[in-house]
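K.L.:
Sequence:
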Amino acid sequence: MVSDPPLPRPPRPDDSSAKGLSRFLPPLPLFALQPLLGHIVTTIAGRHPELFERLGDNCKKRFLIDPNNLPFFLLLQPDPERPQLKAHRRGQTIAHDVHISGTFMTLLRMIDGQTDSDALFFNRELTVTGDTEAIVALRNALDNMDATLADDVAACFGPLSRPVRGLFDMAFRRGEKNP
1 MVSDPPLPRP PRPDDSSAKG LSRFLPPLPL FALQPLLGHI VTTIAGRHPE
51 LFERLGDNCK KRFLIDPNNL PFFLLLQPDP ERPQLKAHRR GQTIAHDVHI
101 SGTFMTLLRM IDGQTDSDAL FFNRELTVTG DTEAIVALRN ALDNMDATLA
151 DDVAACFGPL SRPVRGLFDM AFRRGEKNP
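Per full-length UniProt numbering, the sequence shown starts with residue 1, numbered consecutively.
If you are wondering where the hints come from, they were derived from the structure by calculation, not from laboratory data. Warning: the hint list may mix true and false statements.
Claimed, not checked - Calculated cross-link-like contacts (lysine to aspartate or glutamate; reagent style EDC-like; alpha-carbon spacing at most 20 Å):
1) K60 <-> E125
2) K86 <-> D116
3) K60 <-> D97
4) K60 <-> E81
5) K60 <-> D169
6) K86 <-> D169
7) K60 <-> E50
8) K86 <-> D97
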């Protein structure tokens, strides 16, 4: 396992770049995200047990997913018996086997299968370090899914799944305009 130095904090936008009320609100406390992230990862694990088969022994690895323009990063442990997805504040040192970094929209488009991860890597929009076998296994497992992760995440919201999926679609459209 790798334990890189603490991840840096993203640059804080000045008031002119912040949108709407978000510039006046404090950041969302991470403890509020943890139950939602836990629900999402267990729901996806229940819907797609084949992911663990494709990961093989790599399901015990720790994947640090770093949306480098957000004030936190995620640690994914795709253990079939106890899958975990947790948010951590920047500045923390977390042991991991794989580090995947890019903007939130780049990562979202990649995991939803809208963008080729190899192209992102070679265009330097995505940085990947660590256990190469685990990285390739995760990529192949995600590529072979029948559904998109955006659909699965939206489904976690039950009766709100359609509006949540609409938010994903809106984010994807905005991301296309402002890559």
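K.L.:
Does each hint hold? Answer for all of them.
P.N.:
Evaluation of the provided hints:
Distance hint between K60 and E125 is unfulfilled; the C-alpha atoms sit about 27 Å from each other, more than 20 Å. About 25 Å separates the Cα atoms of K86 and D116, which puts this hinted pair outside 20 Å; it is violated. Proximity of K60 to D97 is assessed by CA-CA distance (about 10 Å); at most 20 Å being required, the pair is judged to hold. The suggested pairing of K60 with E81 holds, with an alpha-carbon distance near 10 Å, which does not exceed 20 Å.
Distance restraint check for K60 and D169: the Cα-Cα separation of roughly 32 Å exceeds the 20 Å cut-off, and the hinted pair is therefore not satisfied. With a C-alpha separation of about 24 Å, the suggested pair K86 and D169 falls outside the 20 Å cut-off, and the hint is violated. Proposed proximity of K60 and E50 is supported: the alpha carbons are some 15 Å apart, at most 20 Å. Proposed proximity of K86 and D97 is supported: the alpha carbons are some 15 Å apart, at most 20 Å.
Hint compliance for this structure: hints 1, 2, 5, 6 are not met, and every other hint is.
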